[in-house]
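Protein sequence lines, in the order shown, are assigned to chains A and B. Mapping the first sequence onto my numbering, position 51 (from 1) lands on 51, and the numbers just tick up by one. Mapping the second sequence onto my numbering, position 52 (from 1) lands on 52, and the numbers just tick up by one.
It is worth saying that the hints were derived from the structure and are not from the lab. Any given hint could be a false lead.
[To be verified] Computed from the model, here is a short list of chain A residues facing chain B with C-beta under 7 Å:
(1) 25
(2) 42
(3) 106
[What the hints assert, rightly or not] Listed next, the stretches of chain A that the computed footprint assigns to chain B, with coverage defined by at least 3 CB atoms under 8 Å from CB atoms of chain B:
(4) 43 to 50
(5) 55 to 62
Even glycine gets a Cβ: it sits at the ideal position worked out from N, Cα and C.
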Amino acid sequence: AQSVTQPDIHITVSEGASLELRCNYSYGATPYLFWYVQSPGQGLQLLLKYFSGDTLVQGIKGFEAEFKRSQSSFNLRKPSVHWSDAAEYFCAVAAGSGYSTLTFGKGTMLLVSP
Amino acid sequence: SQTIHQWPATLVQPVGSPLSLECTVEGTSNPNLYWYRQAAGRGLQLLFYSVGIGQISSEVPQNLSASRPQDRQFILSSKKLLLSDSGFYLCAWSGLGELFFGEGSRLTVL
């Protein structure tokens with residue numbers, strides 16, 4: 001079965017600084033990879049996804065992620081963080097196109113300081 | 001456009017009482033539907049998913065059950081709540097290559 005590790009529980013970034021959230025997965029074949037964002041007390045919104053092809057994926061809100069097979073990683077990046085980016089971020093991996101296999105990491109809480 | 005609704009948004013229930021959380025999807029037909037539970041610091045755990053009316057797959061043994069009486073309706077139930085059932089419950093549907101989440105239902109069992 002697949003698994004996801006987000007090693008950072010909390011990260012604090014100054015507004016305007018760059019951001020990188022780490023995600024490592026474990027899966028024997030080519031995974032389907034996702035990043036979701038959750039504001040407090042709300043549902044999750046998809047930021048971006050990787051199924052195949054170009055390993056650098058562009059998402060909404062200025063986010064991007066890079067799939068590195070050799071490192072089993074799918075890190076999320078943003079060049080300049082805005083205060084509205086403060087939220088919890090979840091990396092997820094699926095074994096196929098069916099979402100019934102989707103496995104989430106435990107999340108990284110992003111705090112943005114002024 | 002497609003929308004997903006969950007209710008109630010917040011629920012406080014005593015131990016041993018029943019539970020019913022409802023989720024409906026509009027603007028699509030025959031969606032795959034999902035119930036997740038989110039506990040603090042533990043990410044999201046898939047509880048049930050359904051590919052059609054009356055078809056329910058359970059991912060983990062637990063005190064909860066799910067039903068799909070109509071194509072776009074998904075219900076999460078319990079006959080007797082436990083303290084450990086407290087959490088944030090999210091309904092979702094998949095389509096258009098994406099998983100769409102509802103706003104969630106916060107359940108506190110006292």
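(message) If you test the structure against every hint from before, which numbers come out violated?
(response) 1, 5
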